[in-house]
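A.B. asks: With these hints in hand, go ahead and build the complete structure from the sequences.
2 protein chains.
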Amino acid sequence: MKKLINDPVDVVSEALRGMAAAHPELRVDLPERIVFRGDAPVRGKVGLVSGGGSGHEPMHGGFVGPGMLDAACAGEVFTSPVPDQMLAATVGVDGGAGVLHIVKNYTGDVMNFEMAAELAAAEGVEVVPVVTNDDVAVQDSLYTAGRRGVGVTVLLEKLAGAAAEEGRHLAAVAEVARRVNETGRSMGMALTSCTVPSAGQPTFDLPEDEIEIGVGIHGEPGRRRVPAAPAREVAEMLVEPILADLDFTGSDGVLAFVNGMGGTPLLELYLMYGEVASILEKSGVRVARSLVGPYITSLEMAGCSVTLLRLDDELLRLWDAPVRTPGLRWGV
Amino acid sequence: MKKLINDPVDVVSEALRGMAAAHPELRVDLPERIVFRGDAPVRGKVGLVSGGGSGHEPMHGGFVGPGMLDAACAGEVFTSPVPDQMLAATVGVDGGAGVLHIVKNYTGDVMNFEMAAELAAAEGVEVVPVVTNDDVAVQDSLYTAGRRGVGVTVLLEKLAGAAAEEGRHLAAVAEVARRVNETGRSMGMALTSCTVPSAGQPTFDLPEDEIEIGVGIHGEPGRRRVPAAPAREVAEMLVEPILADLDFTGSDGVLAFVNGMGGTPLLELYLMYGEVASILEKSGVRVARSLVGPYITSLEMAGCSVTLLRLDDELLRLWDAPVRTPGLRWGV
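Top to bottom, those sequences are chains A and B. Residue numbers for the first sequence follow this note's numbering, beginning at 9 and rising by one. Residue numbers for the second sequence follow this note's numbering, beginning at 9 and rising by one.
What the hints contain is simulated information worked out from the structure, not anything from laboratory work. Keep in mind the model is a prediction, meaning the values are calculated, not measured. Please note that the accuracy of each hint is not assured.
Copies of the same chain look alike in the list, so a pair counts if it works inside one copy or between any two.
[Unchecked claim] Subject to a maximum C-alpha distance of 25 Å in a straight line, what follows is the list of computed SDA-like cross-link-like pairs (lysine to any residue):
1. 10 / 216
2. 290 / 15
3. 290 / 254
4. 290 / 259
5. 10 / 296
6. 10 / 211
7. 10 / 208
8. 10 / 87
9. 290 / 253
10. 10 / 241
11. 10 / 84
12. 10 / 218
13. 10 / 213
C.D. replies: Put into structure tokens, the structure is as follows:
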């Protein structure tokens, strides 16, 4: 294992120290491992809190800032943050309008966010949770009952963040968040495994001539292993299950998101986007917006995922609204 | 070699097709392999043209847009574009105020851009070239006489782009560009090699327990190979030669840029940024701005580079000016 780290046990805290140094516009609570908006809590605005295991950067800490999250809790690599962290984040961003918890559907995250919500309620903070479960690959998985939450989480954090920034009430922000999860679907694949620093060994073995279709963002098994295939076939293996799961024709078009798993260069992601766009065109799905790049990653895993989200007038407007975070920024 | 590609010979053109699909605000000339600003040529504005071998994305095509480049020419992977491409880009962005060529110091690029400038002059377009050579690692290299052009190129494209956007004359934009190159220095390192698709084999061999200090962005040899080391020692091996080459104390602070080579996750890049920031603080160098992420890459190579740039009031203002490109965006 060669990595740009010091002691494996310090990876997360040292990366957060670097984030704090690089982003003075954020406030990083190093002992609690929480990334806050610099001006949190914003009075009268619904607060958005997310979090999860580290190793998926820029998600979630890189999505903190005006127009997106108010705080993100960082767990150890691929390990849920603890309820106390989530509680501190929730209380810290409550500007009097309540707090939305954005939770990816993994057993540990769901359980800990539930506990944090109860603790916050006891302190008088209203919390509404929304759980993402957009991964069509598998029904249950290594760390999940039901579908896993993956790429839609990124889009949801942007869209619900924009709704909160407009001054909407907690129920309205939560409605946007649930709609995004309900109308978004994802599927991923891996060319290689990744290595969790504290483990020191690849999470799984993948022969040089095979790829894993439907892989999870922690290297959880997918649907099947197939021989390494050209990008256009890989694109079909990702897009077809998504289109089979939900009708993406009609509507005001889709947001097409080709995500890098961490180790795959942008050159290949754009090439994949071209293949995905071709399939969508042939399938009568109109693309209204796109996003290409590594946004929800699995350390240095090579591979990609595809996420489609049905858009409507309101979601389009919320997508285009200004956002200012380390990982996603426009308009400001 | 496992990659998200189809036929290796089609990688660049298929990636450009994907870019065209993902970025309708750009105009991609697929036969000529040029990425243009959608509104090029901009009347009365100095045009900025860069380009080089592919495989360094988002540089250069991802830096095309208002506030940065007007056009970028894509060569084959790690291979210079040809003079005819550069000529078409130059003529295509000339809004009557002349064109700046931003050229990384590699023999093929320098020669071809020189030829293109002569051809453009024959067509009545005034061209001023600026060559970047900020890499302190080695004096001459596999593809270079003199120092190589690396990370400063990204910063220069932003800063000169902002100067052009303000309506300055060609000589004034070129002066900004030269100043950036003169006051910026870089050094890179690799944990792993990368594989050029058409070669199918890693560019170089690097044992599991060694790293290459001073590596070039095409995998050219660096200063030395050393045993794999903790991030804080790697940071010293990169920052010390930079500080030994140019005085970065005083001035209005520096822009500190920790760049990912392509295969290294953001978690590690932020950790490295923390180490770099510590060294700079101890060395009396004040950081005024920072940039962390994969901006000038070498396919899927794991590793990073550090670039420091001396800032002054004017460069600070130009850095903060709005920019709207796929790879770098703020303010619009």
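A.B. asks: If you test the structure against every hint from before, which numbers come out violated?
C.D. replies: Per hint list: single violation, 5.
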